[in-house]
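*Asks:* Construct all of the structure, not just a fragment, from the sequences and the given hints.
First to last, the protein sequences are chains A and B. Residue 1 is where the first sequence starts when you use this note's numbering, and the numbers rise one by one after that. Residue 149 is where the second sequence starts when you use this note's numbering, and the numbers rise one by one after that.
Just to be clear, a hint being listed does not mean it is correct.
With a Cα cut of at most 25 Å, we get these calculated SDA-like pairs of lysine to any residue [to be verified]:
{"id": "1", "chain 1": "B", "residue 1": "Lys-242", "chain 2": "B", "residue 2": "Ala-270"}
{"id": "2", "chain 1": "A", "residue 1": "Lys-117", "chain 2": "B", "residue 2": "Gln-255"}
{"id": "3", "chain 1": "B", "residue 1": "Lys-192", "chain 2": "A", "residue 2": "Ala-77"}
{"id": "4", "chain 1": "A", "residue 1": "Lys-18", "chain 2": "A", "residue 2": "Pro-112"}
{"id": "5", "chain 1": "A", "residue 1": "Lys-18", "chain 2": "B", "residue 2": "Ala-270"}
{"id": "6", "chain 1": "B", "residue 1": "Lys-167", "chain 2": "B", "residue 2": "Gly-222"}
{"id": "7", "chain 1": "B", "residue 1": "Lys-283", "chain 2": "B", "residue 2": "Pro-160"}
{"id": "8", "chain 1": "B", "residue 1": "Lys-242", "chain 2": "A", "residue 2": "Glu-114"}
Residues from chain A shown here face chain B by an in silico Cβ test under 7 Å; the list is partial [as the list claims (entries may be wrong)]:
{"id": "9", "residue": "Ala-80"}
{"id": "10", "residue": "Ile-89"}
{"id": "11", "residue": "Ile-92"}
These aren't lab readings, by the way, just hints derived from the structure by calculation. Ideal placement from N, C-alpha and C gives every residue a C-beta, glycine not left out.
For reference, the chains in residue letters:
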Amino acid sequence: MKDILYKAFFDATQNAFKLMLNILEVSDHPAGDFKCDDEVDIAIGVTGDLQGKVIYRYPVSTSLNIVNIMSGMQFDAVDAFVTSAVSEIANIISGNVLTALSENDMNCDILPPEQCKLDDDKKYDINTSCHIRTAIGEICLEIRLNRA
Amino acid sequence: MLWKESYEIGVPLIDAQHKELFRRVELFLQVLRSEVCWDEKVQKVNETLEFMKGYVVEHFRDEEEYQQSIGYPGYEAHKQLHTGMVEYVLEFSKKYEQSNNDEQLIQQFGGKLLAWLINHVAAEDQRIADYAKKKG
Ligand SMILES: [Fe+2]
Ligand SMILES: [Fe+2]
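*Replies:* Structure follows, in structure tokens:
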């Protein structure tokens, strides 16, 4: 299950970068290599057959690059606009993963994106990180889910 | 320009509407992100918001009609995406009015609108074109 979810989130992220940003160079790497001090963390809650959340960790530079590409404008700092744009991308990727899972009889819903803290003292059956490098920066997805 | 030729789906009415949507969103972002003070931009921002509310509904209706005319199998699911966005826009407008035109709120709206529109046109609407092509 862990591997299926990891792959589903990686594929959906790769696809979003391709279609929305025209970024084709996207690859996954060991989670331990992801180092970032200044990041925007967005949680997408999951309910249904799987319960928990997925946290999208966007380094500030990646967030700004994403929004610069989408808007064709220059953003120099993370503000409400940037946070909301990368939150929507987290929402889109998660929604696409759930659609793919529903084809395998796994039915889940997602909650609206929320800015969040990384630490969390709960235990999860599935707890894995998907560290993704792209031509415009890295992101890391923390997948923390329990089976209902 | 935000619009890209690769977004075309090959249906003139729909493509023209998408182009207009992107043009309006671009104008909206230019005003929203300009350096002038909020009091100066608020009127223009509000005008665009009002326009978008009407235009988006009109476009969604035309696009749904087209989907039905070709028997697009993803019609119901796609319609739900449209309905979800219209609901979000209306809910946001209400909150924005009640807040007395709060700038933070509309910056948030702008970010979501941009990402939503690009994904919707580049990914979801493209599936309609893929189906029409396959069907021949
Ligand atoms: Fe459309
Ligand atoms: Fe559509």
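*Asks:* Hint by hint, note whether the structure agrees.
*Replies:* Going through the hints against the structure:
At most 25 Å may separate the alpha-carbon atoms for a hinted pair to count; B:Lys-242 and B:Ala-270 exceed this at roughly 29 Å. For the suggested pair A:Lys-117 and B:Gln-255, the alpha carbons sit about 22 Å apart, so the restraint of at most 25 Å is met. Taking the CA atoms of B:Lys-192 and A:Ala-77, the gap is near 24 Å; set against the 25 Å cutoff, the hint holds. At most 25 Å may separate the alpha-carbon atoms for a hinted pair to count; A:Lys-18 and A:Pro-112 meet this at roughly 23 Å.
For the given pair, A:Lys-18 sits about 10 Å from B:Ala-270 by alpha-carbon distance, which is consistent with the 25 Å threshold. For the given pair, B:Lys-167 sits about 23 Å from B:Gly-222 by alpha-carbon distance, which is consistent with the 25 Å threshold. Between B:Lys-283 and B:Pro-160, the direct Cα distance comes to roughly 18 Å. Compliance with the 25 Å bound is thereby established for this hinted pair. A hinted pair counts as satisfied when its Cα atoms are at most 25 Å apart, and B:Lys-242 with A:Glu-114 qualifies at roughly 21 Å.
At its closest, the beta carbon of A:Ala-80 sits 4 Å from a beta carbon of chain B; the interface hint therefore holds under the 7 Å criterion. Given the 7 Å rule on beta carbons, the hint for A:Ile-89 holds: about 5 Å separates it from the nearest Cβ of chain B. For the restraint placing A:Ile-92 at the interface with chain B, the shortest Cβ-Cβ distance is roughly 5 Å, inside the 7 Å limit, so the hint holds.
Comparing the model with each numbered hint stated earlier shows that hint 1 is the single one that does not hold.
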